[in-house]
Amino acid sequence: MKSKVITITDEGIGRHDALALTEACGTESGLNKKSILHLRLLSEELIGLLRGIAGKVEADYWLTTEGSHFELHLKSEINMTSEMRAQFLAASSDGKNFAAKGIMGKIRVMIAGALLSVKEAAPYAMMNTAAAYSAGWNLSEGASIWSMVSYKDEMQAHRYESKEATEAWDELEKSIVANIADDVKVKIVGKAVEIIIDKTF
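Just so we're aligned, residue -14 is where the sequence shown starts under this note's numbering, counting upward by one.
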């Protein structure tokens, strides 16, 4: 079942309604208080991704539910302006991106990076080892799709091989989202970005 769709902005408009909708869906599905809290936390983390991806952003937020299985969706059309590109590349060029702290910060940086053209993304691509940023991506039917499960598997497989992979694995172990969610998927088709958090209670 699909919930109603709420429009959220990077300035926080619609955020309160989206969180209320998330809790209501949890209650209607018969979740206990702890599970509803976990669902709300995932919703907060998902909405928080909007901040810092790119300037003024509006996104559609909704949930789909089937029994105790939930999908939280956030979908937006992001137009990278030259100003956003300049900001992003300036932030990336020192190799220690302030926005890339934690797994959700990494996802935010990945989305911004994926929206840049190949030429402009080159300095970004070199700012870290390929392992930490390319892991988890798949290309299919014109869409770039990233999955946290694939990323986790790859980081676990290589976690003793490099400092970056070890740090990425530690980050996953400390992440609220990585510990609660079953998966996080990022789907990019052109300028359209959709992030889906998957959770079965």
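Treat the hints with caution; some may be incorrect.
Only pairs whose alpha carbons sit at most 30 Å apart, straight line, appear in this in silico DSSO-like list of lysine-lysine [said to hold, decoys possible]:
#1 K148 with K176
#2 K(-13) with K148
#3 K172 with K(-11)
#4 K170 with K19
#5 K184 with K60
#6 K137 with K60
#7 K137 with K159
#8 K172 with K(-13)
#9 K19 with K137
#10 K137 with K184
#11 K170 with K18
#12 K19 with K41
#13 K148 with K19
#14 K41 with K(-13)
#15 K60 with K170
#16 K148 with K41
#17 K148 with K(-11)
#18 K60 with K(-11)
#19 K41 with K60
#20 K19 with K(-11)
#21 K184 with K159
#22 K159 with K60
#23 K19 with K60
#24 K(-11) with K184
#25 K170 with K137
#26 K18 with K(-11)
#27 K18 with K148
#28 K176 with K60
Derived from the structure by calculation, the hints contain no laboratory data. Computed from a prediction, not measured in an experiment: that's the story for all the values here.
Subject >> Numbered hints the structure breaks, given as an ascending list >> reply: 1, 2, 12, 13, 16, 17 and 27
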